[in-house]
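Asker: Chain by chain, the residues:
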Amino acid sequence: MIENRPGLTFLAHLVLIAGVLIVALPVWVAFVASTRGATDFMSGTIPMWPGPHLIENYSRMLDTGLSTSGTPPVGLMMFNSLVMALSIAIGKIAISMLSAFAIVYFRFPFRGLAFWCIFITLMLPVEVRIVPSFQVVAGLGLLNSYAGLSLPLIASATATFLFRQVFLTIPDELTEAARIDGAGPMKFFRDILLPLSRTNMAALFVILFIYGWNQYLWPLLITTDAQYYTIVAGIKRMADVVDGLPQWHLVMATAILAMLPPVAVVIGMQRLFVKGLVETEK
Amino acid sequence: MKRTIFNNQLLPWLLLAPQLAITFIFFIWPAGQAIRQSFLREDAFGINTSFAGLNNFQGLLGNAQYLNSMKVTVIFAVSVTVLSMGVALLLAVAVDRMLRSSRVYTTLLVWPYAVAPAVAGILWWFIFNPTVGIMPYILDVIGYDWNHNRSKTDAMILVVIASAWKQISYNFLFFVAGLQAIPASLREAAAIDGAGPVRRFFDITFPLLSPTTFFLLVVNIVYAMFETFAVIDSTTAGGPAQATNIMVYKVYFDGFIGQNLGSSAAQSVILMLIVIALTVIQFRWVEKKVEY
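Chains A and B, in that order, give the protein sequences. Mapping of the first sequence onto the UniProt record's numbering: position 277 corresponds to residue 277, and the numbering continues sequentially without gaps. Mapping of the second sequence onto the UniProt record's numbering: position 66 corresponds to residue 66, and the numbering continues sequentially without gaps.
The following block holds chain B by itself, in its conformation from the complex:
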């Protein structure tokens, strides 16, 4: 709270006007529309609309495709989170040992953050392309017939790798910062007491890193659920047979390609509730960190 303030009543509104105008036109109004549409039924030509109550939501929860999409989203989000955080933690612990070379390694590891998810998708799609890609060629040598256009598992692995690859750099930076914040004296004391590197990691480093880990867990789940749209669209487009049709992709697909506005809006509302829940969790964590 500021003690010294300016006594002006009109000026603050003028200053806020651009932000509030854009927020209202592009955020609050569309969100309101999504909520309104989620309770309406619209015919295929958009001529007649009628109040449908909770029908759209009930329809979704009884819809095998939507339930499948939820399942796919959970598998996808958990895999991306575990893979990218696991690799990032390993690299961060390794960089933490380095004195002189840590800067060079950091530079060489952080740049994928800047690569667009859509481009990341295209790159991995090319590497795993069944006709010209390198990976299917290598996998063929060990006797695995890779084809993400046919196999559901292959398609899921492809989108998980492409999404996790891009997120490693972000997790890495935060893990490195978290590791550097742990006082060296604690680990030194443990070393004097005779604890080896592995023991020190699990008994000292990892527990003290838990605020960072928890924060990254939420960020990565949000990333996997909402920001990987471009990865999916540029690689599998939700296929084959709905195997990679995550919830965010289904909102777009049902709304724009399927033209089922009521159902798409209901899905939007469900996703908004999930985002709000995740944001609340994240903010509660921030409050905790202050006391920590």
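Excised from the complex, chain A in its bound form:
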């Protein structure tokens, strides 16, 4: 703050409070809807305060789900999402660290070519190459499997670049000392590089967990067996009812459950989250 202007500070507070309220509005409305009964939406007036059906709606969704839409219990879908998000986050970190290690600490023929092959993945979002990717996964027999859900999303140029940056800042003296002490490359990797990049891994994990949890198009395409539905893709199936109105209170309870884990991660690990966000964009 440059100078003391109470009027301007007041205005800034006003803007921020309005901003916070607008940002929170959709979630509040969804939460209110998720605590209501089925008949509350028929009357035409829209409830703005929570009703008495909170526990009933949520436990019903977690245990049995909305069978009319062909979706499994939300508890199972959340488990599937968790498996997918964790496999993507851990898998990406693992293979990116290994390849960054290879690129930074070794000289070998076609090193530049390998680097470019990885770089290309940055340019091709799933949405763009959707039909051929689906054909490849179908051809490999990976439809309706956890491997099919996570493997195609595991390659990541961003994470490889990030670890490359991190490794480049690690002083050469450490490598020399390790070599003099007789450490081989893998021992150096495990005992020096891994501990030194622990915060970067954690920050990246936060971002990748959110990325994996929030995947939509890919799980929607490759899962036809309800046992493998993820929650984010499952909501859409619940909201799409052929005849009649969607069961708003149950759909909204699912929406709240779908955003709970990633939002909790962002709020609980805000510092790591901001670090991860800024680093992955470098």
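What you were told as hints is all true, and nothing was included just to trick you.
In silico DSS-like pairs for lysine-lysine, Cα to Cα no more than 27 Å straight-line: (1) 275(A) - 2(B); (2) 152(B) - 71(B); (3) 2(B) - 187(A).
Because the hints were derived from the structure by calculation, they are not lab data. Only a predicted model underlies this, so the values are computations on that prediction, with no experimental measurement involved.
Given the coordinates of chain A, assemble chain B onto it according to the supplied hints.
Answerer: The following block gives chain B in isolation, referenced to the frame of chain A:
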């Protein structure tokens, strides 16, 4: 460049193997397939394929629906970018004034980043639902009959709001970081010279923020063009009458629902070229920033 390296020829390939295998199977091969298919014509049952040259591309550029989709994409991307960046900049400037409360406000503003685009779509779809939503109810009071199932404009506004809402938190964080990087002495000097807050913003803060603004511009356009698929699919599904059928959605729709593989592949190739162009722009900017 490292001075100290390990002398091993086989090990680096073993280390790279998982990354390269996945890149090849799930990225390079499908992209190659998309390029190949874009030059082929396939009949409806997938039995006969013949070389079609540039026919698929020519067909697209002469197709009114595809041209409409391009127009819709531009309107959509520009609206989302302007709306989310405008709101985020306003909030960031306001938070920049705060000393003690900035952390609390930041926490309360960043969490929508974690909400899936599909969920964001569902939330706003519910709020704007013509029968039970709040917004149509409020708009009805001021005499506006909202229905995104019928009105093209309403549908576009809905998807823009839902997509921009999710992106505000991201822009906000980067604007706050950009503002904090501007030396306070510059603004103090301007204040001593008698420049008011508004003047200081436009003459000092905003120009010095331009690297952040430009970076966010590219990121937001990429977001609006490619990552909003889920928002569209969970709200309007491209309708009504193609009004929100952005290019990424059309690739999926023509490929999976329309089963027109040649045309869908040609659209994929066009989108890949756009992504590559945007990535190049982004990287050139990164290089510039280093000199800056």
